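*Asks:* So you can see what is in the structure, the chains are spelled out below.
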Amino acid sequence: MTRRDLLTALPFLFLSFSFSGVDDRRVRSVHLRITHSTEILRPMKRVRIWIPLPASDRFQKVEELKVSSPLPFRITEEKVWGNRMVFIEAGRVEEAKIEVSFRIRRFRERPVEDRSIRRDLCLKPTRWEVWDKEIERFTDRVVGREKDPRRIARRLFEAILERTKLVDGVCGMGVSVLTFQQKIGRCDEFHALFRSCLMYKNIPVSWEEGLVLPYPSRIKKKDSYEADCLRTISWVRFYDGKVWVPVDLAEAKRRPDLKDFYFGNIPPNRIRLSRGRDVKLEPPQKETVNIFAYAHVEEEGIPAIYGHHYRNFLTYELLGMEVER
Amino acid sequence: MKLLLILLLTTICFGSVKVGEKAPTFPLLDENDRRVDFGKFIDRPTIIYFTHNSCHYCTQIIAFLKRVHKRYGERVRILTINVMAKDSRLVKAYKRAFDLPFPMFAGNDPKLLKAYGINFVPVIVFIDGKGIVRKVVEHYILEEELERSVRLIMGAE
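Residue numbers (the numbering used here), protein chains in the order written: chain A, 1 to 325; chain B, 1 to 157.
Since the hints were made in silico from the structure, they are not lab data.
The model shown is predicted, which means the values in this text are computed figures rather than measured ones.
Accuracy of the hints is not assured; some may be wrong.
In silico PhoX-like pairs for lysine-lysine, Cα to Cα no more than 25 Å straight-line [as the list claims (entries may be wrong)]:
#: 1; chain 1: B; residue 1: Lys-135; chain 2: B; residue 2: Lys-66
#: 2; chain 1: B; residue 1: Lys-92; chain 2: A; residue 2: Lys-286
#: 3; chain 1: A; residue 1: Lys-286; chain 2: B; residue 2: Lys-86
#: 4; chain 1: A; residue 1: Lys-165; chain 2: B; residue 2: Lys-18
#: 5; chain 1: B; residue 1: Lys-135; chain 2: A; residue 2: Lys-133
#: 6; chain 1: A; residue 1: Lys-124; chain 2: B; residue 2: Lys-111
#: 7; chain 1: A; residue 1: Lys-165; chain 2: B; residue 2: Lys-135
#: 8; chain 1: A; residue 1: Lys-183; chain 2: A; residue 2: Lys-133
#: 9; chain 1: B; residue 1: Lys-114; chain 2: A; residue 2: Lys-165
#: 10; chain 1: A; residue 1: Lys-259; chain 2: A; residue 2: Lys-147
#: 11; chain 1: B; residue 1: Lys-114; chain 2: A; residue 2: Lys-133
#: 12; chain 1: A; residue 1: Lys-183; chain 2: B; residue 2: Lys-135
#: 13; chain 1: A; residue 1: Lys-133; chain 2: B; residue 2: Lys-111
#: 14; chain 1: A; residue 1: Lys-147; chain 2: A; residue 2: Lys-133
#: 15; chain 1: B; residue 1: Lys-70; chain 2: B; residue 2: Lys-95
#: 16; chain 1: B; residue 1: Lys-111; chain 2: A; residue 2: Lys-165
#: 17; chain 1: B; residue 1: Lys-70; chain 2: A; residue 2: Lys-183
#: 18; chain 1: A; residue 1: Lys-124; chain 2: B; residue 2: Lys-86
#: 19; chain 1: A; residue 1: Lys-183; chain 2: B; residue 2: Lys-95
#: 20; chain 1: A; residue 1: Lys-286; chain 2: A; residue 2: Lys-124
#: 21; chain 1: B; residue 1: Lys-86; chain 2: A; residue 2: Lys-45
#: 22; chain 1: B; residue 1: Lys-70; chain 2: A; residue 2: Lys-280
#: 23; chain 1: A; residue 1: Lys-286; chain 2: B; residue 2: Lys-66
#: 24; chain 1: A; residue 1: Lys-45; chain 2: B; residue 2: Lys-95
#: 25; chain 1: B; residue 1: Lys-92; chain 2: A; residue 2: Lys-45
#: 26; chain 1: A; residue 1: Lys-286; chain 2: B; residue 2: Lys-111
#: 27; chain 1: B; residue 1: Lys-114; chain 2: A; residue 2: Lys-124
#: 28; chain 1: B; residue 1: Lys-18; chain 2: A; residue 2: Lys-183
#: 29; chain 1: A; residue 1: Lys-183; chain 2: B; residue 2: Lys-22
So that you can see chain A by itself, here it is in the shape it has in the complex:
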């Protein structure tokens, strides 16, 4: 077999070292070793910590999951969405470091059937996604007489992208009416509004939440960064009557060259850590958790302060990348 024959036979090309110049649309999967650490920076009393754990699903395979903690912990699962987490409760904590490590093969998301998502839950707005008459009028105007869910979603995708400015370096609250009013936001703001519009049209939409990695075309062999609210990433999947279609409006806004791609595809440069918003953790936390993509820490029932009481870091090592030829 000649080299040419071999390359022709391979449907995908596995790369190991240099990824610059890779077309992000053609990356089928990335294979990573991840370490997520939560560091308690100062003594705290009556502490409770919840750290989200990634689960295997259609688009990510998680292996060798290991939790390392100087404090006793248990793995819990909340009832509504099935999100899993590490839970720690301690009377007093000095400095501590809790590490969650795993290998993950993350695939490009595309429209698929998925019976694990409950459609009824995907029609319920959270407190931040309750829409008003203005959003209804906007949606009606954009959708017109269209009945096909995918075409409705596409029209709303275009209209929201056109009217909304992308902002970085902020932590979003994802309130639909404010996004509509302000016409500015980060991923949570875009997706809250998109979700409200679709739910108003009775189209189920799930909320997916995780931590973002560099684009496949820019990813390094190894890197480490702060994993606070600035590094979270949300996206949605709407049900078109047959399949769940993934969409990321904020990335579509950031990357006009990939705008069409982000309607129906999500590249693998992210780790999904939870589903849903306003998640009631297990055991329940005292304060509201808007999104669950990083550690939630409470001291005496009061949310701890990021950067003062605790910090999170994510370290990745790229083990491989699968690129379509």
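Let chain A serve as the given structure and place chain B on it in line with the hints.
*Replies:* Just chain B now, kept in the frame of chain A:
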């Protein structure tokens, strides 16, 4: 004319709190669970800082604001609003954690958030001595920009 144009452009960029208009005020809970209209504090050049507990940038900005307070003392008012806080518990804990020398209010209030258009943090509103909004920064701020903004509101006295 140039100043007018800059103000107009800034107003277009930020849809809620209008640059060039009076800052809206609301009664909010303070660290002692007293409902206080924070408008009564806007009697001099004032910075209103919207923050919450989960944002690293926000925590860093607190350090910058403390330095502003040290430099300018009572000539510049600094008001902080924690949009995560529903009552005094979180506010009190936050103030204690940073030994804050300026007030913090519980800002998890839909009316307040709508009036100021707070859908993310950090947001910093700079108000001159006449209670007029002069600048809104809706992202992380470098200390140099913060200093320039303080001088802007002081110059408008």
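*Asks:* I'd like to know which numbered hints this structure contradicts. Please list them from smallest to largest.
*Replies:* Those not satisfied are hints 5, 17, 19, 22 and 23.
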